[in-house]
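Below are the chains, spelled out letter by letter.
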Amino acid sequence: NAGVTQTPKFRVLKTGQSMTLLCAQDMNHEYMYWYRQDPGMGLRLIHYSVGEGTTAKGEVPDGYNVSRLKKQNFLLGLESAAPSQTSVYFCASTTTGRNQPQHFGDGTRLSIL
Amino acid sequence: GEDVEQSLFLSVREGDSSVINCTYTDSSSTYLYWYKQEPGAGLQLLTYIFSNMDMKQDQRLTVLLNKKDKHLSLRIADTQTGDSAIYFCAETSNAGNNRKLIWGLGTSLAVNP
Chain A
17 NAGVTQTPKF RVLKTGQSMT LLCAQDMNHE YMYWYRQDPG MGLRLIHYSV GEGTTAKGEV
77 PDGYNVSRLK KQNFLLGLES AAPSQTSVYF CASTTTGRNQ PQHFGDGTRL SIL
Chain B
730 GEDVEQSLFL SVREGDSSVI NCTYTDSSST YLYWYKQEPG AGLQLLTYIF SNMDMKQDQR
790 LTVLLNKKDK HLSLRIADTQ TGDSAIYFCA ETSNAGNNRK LIWGLGTSLA VNP
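Chains as they are written, first to last, in my numbering: chain A, 17 to 129; chain B, 730 to 842.
Simulated from the structure, these hints should not be mistaken for lab results.
Being a predicted model, the structure only gives us computed values, none of them experimental.
No residue lacks a Cβ here, since even glycine has one placed at the ideal position from N, Cα and C.
Hints are supplied without guarantee of correctness; some may be wrong.
[To be verified] Taking CB as the label site, the calculated pair distances span: (1) B:T810 / A:E68: 42 to 50 Å; (2) B:N795 / A:M35: 43 to 51 Å; (3) B:S746 / A:S96: 43 to 51 Å; (4) B:K796 / A:K30: 49 to 57 Å; (5) A:K30 / B:S756: 23 to 31 Å; (6) A:N115 / B:D745: 28 to 36 Å; (7) A:N115 / B:Q809: 21 to 29 Å; (8) A:K73 / B:N841: 16 to 24 Å; (9) B:L774 / A:K86: 20 to 28 Å; (10) A:E95 / B:G769: 24 to 32 Å.
Whenever a hint applies, use it, and build me the whole structure from the sequences.
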């Protein structure tokens, strides 16, 4: 039972390069989220999606784009990477129902040089 | 606005009890969650409490909820070195139909042998 899978697990980029982080979930969840985690700042929501074909901005969306073309996948793109985007990125998903906690992937550790 | 606060660090001796505290602002939150993050890993749901409950016990874990003071605590009995991790408190956000969670910054628990 895979749950939430993030690829890649690690990546080093140069300033100005672009890349896409992939999140895949096999739980048929409607809601998906991208967070970044930085020391002392907890989890900050970048973008989220409430269903296939929809996306919305979180609290720190600048410099990122997302797409949810398929229900099971949520992609996070960096068009022109900056050192300030060095972080650990987590994807999470959840579904409808009274008590549905978010399920997390193992994270992608991204360094921008 | 919605906010969740936690103390950042806690140090205990192996075998002692640990108490991690959290305060929140949204009195309409339905569920409150505790997540655990071990070094280099993603977040795992540890336990949760429904807002109409005062206490929930699950093996070594006890969650206490004081709705009047908007205070949540997690007690870990007989703390072990394997309990060393960051513990996040989160509440459900009722701002929009997006199932977002409002996160505390996390409490880093160090267990000393």
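Going down the list of hints, with the structure as the test:
1. B:T810 / A:E68: 42 to 50 Å: holds, 43 Å
2. B:N795 / A:M35: 43 to 51 Å: holds, 45 Å
3. B:S746 / A:S96: 43 to 51 Å: This hint holds: roughly 50 Å between Cβ atoms.
4. B:K796 / A:K30: 49 to 57 Å: holds, 51 Å
5. A:K30 / B:S756: 23 to 31 Å: violated, 48 Å
6. A:N115 / B:D745: 28 to 36 Å: Given about 31 Å between the Cβ atoms, the range holds.
7. A:N115 / B:Q809: 21 to 29 Å: Cβ of N115 (chain A) to Cβ of Q809 (chain B): about 28 Å, so the range 21 to 29 Å holds.
8. A:K73 / B:N841: 16 to 24 Å: Because 43 Å falls outside the window, the suggested range is violated.
9. B:L774 / A:K86: 20 to 28 Å: Holds, at about 25 Å.
10. A:E95 / B:G769: 24 to 32 Å: Given about 28 Å between the Cβ atoms, the range holds.
Hint violations for this structure: numbers 5, 8, all remaining hints satisfied.
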